[in-house]
Amino acid sequence: MSDIFHIVVCGGIVPDPLQTLEPVTGPNGPALRNELQLPHVLDPWAAHALYEAAHLAKKHAGSKVWLVSLAPKAKLQQVMMTVAQRVSLELVAVDGPSGGFTDSAEVAAALAAAIEAIPGLDRSRLLLFGGWESASRAAGATLQMAGERLGITEQFQGVDELTVGEDGSLRILERVEGGQHQVSVCAGPPAVLGWATGNLPEPSNSPQIGMQNMRLILPALQKAKPAPVTAGCTFTSVALPKQTRETKVVKDTSVEDIAREIVEWVTAE
Amino acid sequence: MAETILFLAHTDADGTLGRIALEALAVAKSLGGTFIAGLIGGAVQPAADSIANCGASRILAVAGEAFANSRYATDAAASEALAKAAQATIVVAPQTSRFARCLAGVAKRLDGCIDTHVTAIAPGPQITRWYYRQRMEALLERTQRPWVILVESGIAPAWGGPAGTATVEMVAVKAATRTRVIGRQSPQTGQQTIRPDAKLLFVAGAGWTRKQADGKPHIDDAARLILGFLHGSEASLGSSKSLVDLSGEGQAVLPFLSHMNQVGQTGSTPRHPKGLATCCHGEEPHVVGWRFIRERRAVNLDPNCGWARGKADVVYVADAFAVMERVNAMLAERSAARRAQA
Amino acid sequence: MDVDIVCAGFGPAMGGFLHTIAPKLADMETPPTVICYERADGLGFGVSGVVTKARGIRTSFPDLDPALIPMAAPVREEKLLYLLDPHGASRRSFAVRALDGVARIAGAGAKHAVALPWIPGFMHKEGGLVLSIGQFNQWAGERLMTTGAVQVWPGMPVSEPLIEREAVVGVRLADQGDEPGMDIRAALTVVADGPVGPVGRRLDEHFGVPPGFERNDWALGSKMVVELPDDTPLEPGTVFHTIGFPEPDIFGFLYVHPGNLASVGIFVPSWFDNPARTSYRYLQHYVMHPFLWQYLKGGKLRSWGAKSLQESGRRGEPWLVGNGYARIGEGSGTTNVLTGSGVDEAWTTGIQLAEGVLELIREKAPYTRENLERAYVQRRRASWLEQESRVAENARNGFQRGFLTGLAGMALAGMTRGKITVHARSVPSQDRVQPMEKYFGGRIPLEEIEQLDSQCRSDGVPLHDRLMDRLGWPSIPYDGELLMSHQDALLVGGKVQGAPGFTDHVSFIDRDLCLLCHRRICVEMCSGEAIAASKENGAPVFDREKCVHCGACLWNCDNIEFAAGGGGLHSVEN
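Chains as they are written, first to last, in the numbering used here: chain A, 1 to 269; chain B, 1 to 342; chain C, 1 to 574.
Worth double-checking, as some hints may not be accurate.
Heads up, simulated DSBU-like pairs for lysine-lysine below, C-alpha to C-alpha not over 30 Å straight-line [claimed, not checked]:
no., chain 1, residue 1, chain 2, residue 2
1, C, Lys24, A, Lys223
2, A, Lys251, C, Lys300
3, A, Lys248, B, Lys211
4, C, Lys300, A, Lys248
No lab work stands behind these hints: they were computed from the structure. Since the structure is predicted, the reported quantities are computational estimates derived from the model, not experimental observations.
Work out the full structure, taking the sequences as your base and the hints as a guide.
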């Protein structure tokens with residue numbers, strides 16, 4: 001059987017991790033201060049999943065890559081200005097809030113509904129990719145539940161590597177305890193892969209890919225269906241951790257003395 | 001309405017319940033009321049015996065060859081069956097990779113909800129977990145049931161009661177799967193630099209690969225000094241995202257580093273008692289990964305780096321190349337002296 | 001790759017251009033492809049909190065409701081303040097000290113500041129807006145993208161124009177890692193890459209510049225966005241312009257946005273002849289000036305940034321058009337150096353070019369120099385932009401001769417609508433910077449300066465901190481919230497970063513010259529401390545992880561090459 005894959009990548013958007021983040025209480029529960037003003041990026045591990053998807057699709061002619069994203073339309077558009085220069089994809093947009101305080105089950109339901117509606121999607125070739133845990137909610141639950149809703153019972157999380165065998169089987173490395181990977185082999189799609197970082201570098205920006213993608217991205221954004229997800233729970237409080245120490249700054253001290261002090265500390269019980 | 005709590009655990013490779021499972025057991029007990037234990041594994045009697053006196057009203061299990069390995073389809077079917085057999089309204093399970101893989105799917109099957117990476121539980125129950133990669137902490141509660149709660153290690157002291165002889169009720173589960181587990185492997189970097197049980201985490205920051213005072217980078221020296229320290233101190237190696245990213249750029253890189261070493265927002269949150277950061281500025285997205293590290297020191301040429309702003313206990317303003325050269329030499333001397341005495 | 005119109009840079013000028021052209025393109029049956037490439041990682045990652053009359057902007061958005069643009073507020077109160085130096089550390093001529101005396105008599109008091117009873121008409125921004133350029137650019141960009149008529153791609157620096165047979169036929173994108181930058185061919189290239197953009201500079205090199213052209217005058221604008229304390233008495237739309245501190249030549253500002261935010265910054269000009277001039281530390285002293293500190297104390301730094309401003313204004317206007325290209329925005333000399341404004345002017349040139357281009361599209365006329373002159377340049381010449389820039393043209397000349405002469409010159413130019421101005425020749429910045437002993441003579445003995453200098457060299461640090469300490473500037477009490485080290489500031493509100501895959505975009509042309517250089521003003525002026533001097537031999541070393549692409553190095557030393565590159569500021573609040 002020829003290895004054509006239909007790779008659907010689920011990815012939310014998160015504020016650029018290097019921004020200053022502060023929680024505030026809104027009418028619908030907690031949110032981030034000035035959330036819509038912060039520059040956003042595609043969730044980092046979902047982005048890795050997307051690059052892996054593109055890489056896989058290139059190696060298996062005829063494969064397709066979709067990106068399914070639930071996010072406020074305007075922010076998603078901004079994120080696409082960067083993402084769409086990197087990887088050929090077809091966007092399926094769902095218009096809704098993107099914060100970490102939304103309920104993963106509700107998000108999963110919306111994503112699954114959007115995926116079911118993708119015309120021409122072949123479930124027997126389906127690889128459902130995504131980030132293992134988002135940089136916002138970091139629960140590792142959404143992709144799993146979306147996979148369940150789509151009836152996929154072969155699921156892998158914390159994936160760093162996927163190798164397709166001659167027989168179409170999927171050899172998958174998942175992060176486990178102790179800095180190790182578990183090696184499993186799945187007979188073939190459909191399967192869910194929640195990626196960690198993988199090993200691929202970020203692709204560089206390509207004007208041609210950008211131009212090609214833009215043709216379809218805008219219409220996708222324009223027809224994004226609304227998905228008003230909620231928090232799904234009651235937040236009693238959300239706060240920044242107070243972790244400040246009284247730092248002792250050791251200056252004007254010889255390398256010898258510093259080294260000695262460090263060795264004492266390192267070897268102390 | 002009284003909750004029915006299911007303490008759910010899987011056996012480790014050696015058939016026992018790991019420490020984190022016993023911590024989850026302590027949590028299940030602390031919630032009060034009836035609790036039932038549910039075990040999954042190849043052969044579960046030894047594990048059941050070890051918790052025979054834990055106070056569970058029943059001990060249920062799904063066992064057999066198919067359930068020895070860590071796989072979604074079989075683990076999800078087993079967990080679902082146990083939850084239904086127990087008629088659980090709350091499921092407390094340890095945050096292991098095996099359960100992280102499947103319990104959200106199980107929550108969906110049970111028409112319930114799930115929270116993972118829970119770091120504290122208060123009566124209610126109310127749970128505490130981190131959002132935005134350890135950058136903010138929330139306290140929340142849910143009315144939907146069943147509620148699956150995965151608890152992080154360190155949440156409570158592990159239950160340590162005496163073993164006994166357990167009466168195990170086996171629950172029959174058939175689960176089809178197209179996946180087989182081959183085994184485990186360490187990262188292919190040629191060096192095992194990640195040591196979760198080490199006493200010290202040594203973080204190498206991007207400064208190690210930057211141009212030094214003479215305008216040139218000194219990658220070979222950096223590699224030698226870092227590996228030398230790991231060897232001499234048996235520390236675990238972590239790094240910042242910026243250093244790990246450089247590996248993707250074709251820039252001069254430390255060959256023993258991979259994404260697995262990354263500590264911080266998009267990396268790991270290790271739990272070593274001590275941490276030493278070198279050539280690393282101490283930015284928030286990295287430092288959040290230090291949340292569990294108690295004693296923190298840093299070596300940095302900048303006396304106003306992030307570490308000096310309350311993120312470390314001590315900052316040594318010095319050139320890490322020079323300091324680590326001496327540190328490694330002193331560690332070698334100590335070790336030689338100890339060998340001579342022995 | 002082939003397109004119809006390719007654009008370099010997305011700032012206010014390009015915003016005006018694309019915003020005017022996009023809706024009309026959307027109506028066409030076969031619209032031309034219009035693609036814009038922007039260097040920064042995101043739209044709006046430039047810098048400048050701004051107060052603007054917003055005339056051009058309001059033409060484009062007639063129903064503009066500032067409440068819909070984040071951080072925008074209508075101007076409600078403007079003050080011009082003369083600030084005294086509470087430390088006595090700045091370099092003040094006899095005349096300036098006399099002025100200080102007058103200010104004290106006029107009631108400067110404990111706040112060391114006197115508000116002038118009125119604002120000169122030319123400075124007045126009544127009816128205007130306080131804006132964050134970053135937020136405004138993002139807002140404008142968002143609206144553009146939804147039309148679907150144009151594409152804007154951030155993270156794509158343009159390195160040079162493509163020139164064939166004396167016509168511009170497109171642009172070349174910057175190389176990324178192993179992949180050489182792609183050539184984008186186009187019938188029209190719109191150049192809006194700012195005053196230090198490589199495309200504009202390359203056009204100047206190749207096609208030459210008009211007679212009388214000079215770009216000797218610059219300023220480095222360095223600014224913080226600060227979260228004000230909760231109980232701040234300052235209302236959104238409050239505008240303070242200041243002169244006199246931290247040095248007489250350094251102007252400053254504070255603009256209040258909604259949501260308890262303020263932009264506070266200074267302009268370090270090329271006619272500030274201090275050979276160890278710098279920006280960040282001066283900015284911190286500015287923030288701590290008693291008049292400002294009463295409002296800023298207890299505040300938090302949200303983001304910081306810096307940018308070079310082309311202060312020659314109209315004298316720095318290059319050839320605006322040629323075969324296949326047109327220039328708009330600050331790189332085309334739109335800064336009005338009398339009113340101290342540029343955003344609206346830049347936006348307006350974008351509108352003007354768009355209207356011209358639409359005319360040419362309708363006529364099916366080619367983008368020749370003559371046609372672009374007719375359709376764009378003439379529009380520009382006939383507009384308020386031209387009139388006001390002529391008034392402003394020589395307004396700043398006086399500063400070549402001194403601070404008070406400069407002020408007087410501005411006032412004269414303003415009051416006579418440019419008819420009477422101070423006459424002075426401007427020279428390139430590196431030719432007027434004074435030697436150490438001349439600038440600090442009388443305040444620090446030469447031997448001591450040399451000792452400090454050699455200490456700094458062997459420690460591999462810039463000179464300015466120790467020099468300023470020695471001159472009596474107090475050390476900055478870091479609180480980690482508002483006042484922090486330079487490197488920490490680069491990490492706040494989105495880290496300054498280099499983009500993966502690009503090579504160093506700042507390089508030193510003749511490195512032997514650098515080794516002989518006594519002044520190292522590049523190190524002193526670098527906004528991000530990206531240029532440092534090697535401890536071993538003093539050779540300059542560039543770290544692109546810290547570069548904010550402000551361009552200060554470019555105008556402070558002509559031994560520096562400043563090419564296209566990605567990365568830089570990563571905040572959209574500026």
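Taking the hints in turn, this is what the structure says about them:
no., hint, result
1, C/Lys24 - A/Lys223, "23 Å, holds"
2, A/Lys251 - C/Lys300, "28 Å, holds"
3, A/Lys248 - B/Lys211, "27 Å, holds"
4, C/Lys300 - A/Lys248, "24 Å, holds"
Figure legend: structure checked against the earlier numbered hints; every hint is met.
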